[in-house]
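Undergrad: The chain contents come next:
Number of protein chains: 4
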Amino acid sequence: MSEPKDVRRLVEAVTGRPGYTSAVGTRVVAATPGCVEMALDRRPDLLQANGFFHGGVITGLADHAAGAAVTTALPEGRFAVTVSLQINFLAPATGETLIARARALQAGRTFGVAQVDVSSTAQGAEQVCAVATVTLRVVDLPAATRDPHTA
Amino acid sequence: MSEPKDVRRLVEAVTGRPGYTSAVGTRVVAATPGCVEMALDRRPDLLQANGFFHGGVITGLADHAAGAAVTTALPEGRFAVTVSLQINFLAPATGETLIARARALQAGRTFGVAQVDVSSTAQGAEQVCAVATVTLRVVDLPAATRDPHTA
Amino acid sequence: MSEPKDVRRLVEAVTGRPGYTSAVGTRVVAATPGCVEMALDRRPDLLQANGFFHGGVITGLADHAAGAAVTTALPEGRFAVTVSLQINFLAPATGETLIARARALQAGRTFGVAQVDVSSTAQGAEQVCAVATVTLRVVDLPAATRDPHTA
Amino acid sequence: MSEPKDVRRLVEAVTGRPGYTSAVGTRVVAATPGCVEMALDRRPDLLQANGFFHGGVITGLADHAAGAAVTTALPEGRFAVTVSLQINFLAPATGETLIARARALQAGRTFGVAQVDVSSTAQGAEQVCAVATVTLRVVDLPAATRDPHTA
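Heads up: the sequence lines are chains A, B, C and D, in that order.
Numbered by this note's numbering, the letters in the first sequence go through residues 1037 to 1187 in order.
Numbered by this note's numbering, the letters in the second sequence go through residues 1037 to 1187 in order.
Numbered by this note's numbering, the letters in the third sequence go through residues 1037 to 1187 in order.
Numbered by this note's numbering, the letters in the fourth sequence go through residues 1037 to 1187 in order.
So that you can see chain A by itself, here it is in the shape it has in the complex (with noise of 0.2 Å):
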């Protein structure tokens, strides 16, 4: 397993790179082995019709940061993709910010498995909106990529 340090700057890579993820602004707030915490920032093209952030963003977010907690315990050269994603819907995403929480509760040999909570804060202030369980299974990286996770 990778430094924190190390970590970190795999996940940024993988965020960082032309796609959905960095369109949206997905940023790393924090990855540590298992644990990483992402965010992203209002914009008009990410609300529903009555401003809150639409469902899809929410669940785009909820899945990145899954595979991110769950890449980063995995041996290195192995990665996890999405396979079934559940999530619930508790409150309306109305804040500034969106920061989804994901926590890796396997990650084996097959196939991982990571809780995400979603909060939205607006003003300092946090209201968890939606709760995720996310099944992922293990891959070898391509070689020619080695990029952690491409979920």
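Keep in mind the hints are simulated off the structure, nothing from the lab.
Just so it is clear, CB atoms sit at the ideal spot from N, CA and C, and this is done for glycine as well.
Some hints could be false.
[As the list claims (entries may be wrong)] Incomplete in silico selection of chain C near chain D, CB under 7 Å:
#, residue
1, Y1056
2, F1125
3, A1127
[As the list claims (entries may be wrong)] With beta-carbon atoms standing in for the labels, derived distance ranges:
#, chain 1, residue 1, chain 2, residue 2, range
4, D, E1132, A, P1080, 52 to 58 Å
5, B, E1112, C, A1049, 40 to 46 Å
6, B, V1175, A, D1081, 35 to 41 Å
7, A, N1086, C, G1113, 30 to 36 Å
8, B, E1112, C, G1061, 46 to 52 Å
9, D, Q1159, A, P1080, 55 to 61 Å
With chain A held as given, fit chains B, C and D onto it using these hints.
TA: Structure of chains B, C and D alone, referenced to chain A:
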């Protein structure tokens, strides 16, 4: 229940409102009471690093189609909001277009359920990439907006 | 909300009624508003062929504990009925006793959500074998029965 | 893949082994590769207090049918073990018999997915009471047992 023509118009109105759903290019392919088909086209900001549609985008489309399928099966003045969502990713969504077909299994007084098949298509060939089950609660449409679906 | 002592009595009354829950030997370990712990002991008819607790038994216990956790957090005269349930099996339930700890995340006017950790214990050592998230709808308790939970 | 006749014999052998599945009276109605139908009959110890089949019993039957559906679609010597399960309860299971029809959506090298419809029947009339999606991992059958399914 509205006439099919009104049903489609309603679903298109909701889908076209400013926000996430229209920003990712969601369009209505078909809409009858309880059955809705939505699609969106490949764009760099909707993909993961390896060039497939991102899981969050797939889930967001499935969620929106599910909400529309249940809402169009409800009496006028009621709409469906997602409570929980479960999705299984079966294959990489490699194609040019993502299509979600949602069918209401239940559209009751307080709760609704929809199943959704998501496919990706390339050069006319279609492959199922995900299946989802969405649980929704049924609420009154705010008089001010008269929108059938805000989830 | 009832006093803790009444809460426990209520949960025990429901758990002891004739039917599946009492037939498999479910007992109440602890019950406070929003938090319930249930257990049942190993018996040949509760196992799979390889000697672990069966997934259906694990799920049934999680479901019952979730219903009790949400119901005990509701105002008197209301109870919670399961709408959907999601469970991840993390390890074989090899021990002598199965324990489910449920916590209500939400107990609102129309629906509730509970998370449940299920462990199996052998000789005092405890191992998590499953985690579940249960979505419930909240309904009036039939006047005739005055039972807080029939799910 | 085995011949249909062998498939049915295998599923019946697994279903009839001592343990929970046979104790609740599970019987095989039909079994072809990837498609399995199971049933069990009403009994006081399988019901909730209000006389419907208990959610744990419904889930256990769905789980067993899903495992059989995926296992029968796998090459010989491989079987499927449940990783996660999601179920929606659509209506009380009030009838005399509970029937689960499972269909494998995926039966790959490491993972499988099945969808299951569960109905209850009374006097020939059938009503869907639940739908489930089950995610399974695919493992080698222990040489000693040669059992196609132990989930």
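Undergrad: Tell me if the beta carbons of D:E1132 and A:P1080 are separated by a distance inside 52 to 58 Å.
TA: holds, 55 Å
Undergrad: Would you check whether C:F1125 satisfies its interface hint, that is, whether its CB is within less than 7 Å of any CB in chain D?
TA: holds, 6 Å
Undergrad: Determine whether the Cβ-Cβ distance between D:Q1159 and A:P1080 falls within the hinted range of 55 to 61 Å.
TA: holds, 57 Å
Undergrad: Holds or violated: the hint that C:Y1056 contacts chain D, with Cβ atoms closer than 7 Å.
TA: holds, 4 Å
Undergrad: Should the hint that B:E1112 and C:G1061 are 46 to 52 Å apart at their CB atoms be regarded as holding?
TA: holds, 50 Å
Undergrad: At the C-beta level, are B:E1112 and C:A1049 separated by a distance inside 40 to 46 Å?
TA: holds, 43 Å
Undergrad: Would you settle whether the hint for C:A1127 is holds or violated, based on the nearest Cβ-Cβ distance to chain D being less than 7 Å?
TA: violated, 11 Å
Undergrad: Between A:N1086 and C:G1113, does the beta-carbon spacing fit 30 to 36 Å?
TA: holds, 32 Å
Undergrad: Can the suggested window of 35 to 41 Å be confirmed for the beta-carbon pair B:V1175 and A:D1081?
TA: Violated, since B:V1175 and A:D1081 (Cβ atoms, about 25 Å apart) do not stay within the stated range.
In this structure, the earlier hints numbered 3 and 6 are contradicted, and the remaining ones agree with it.
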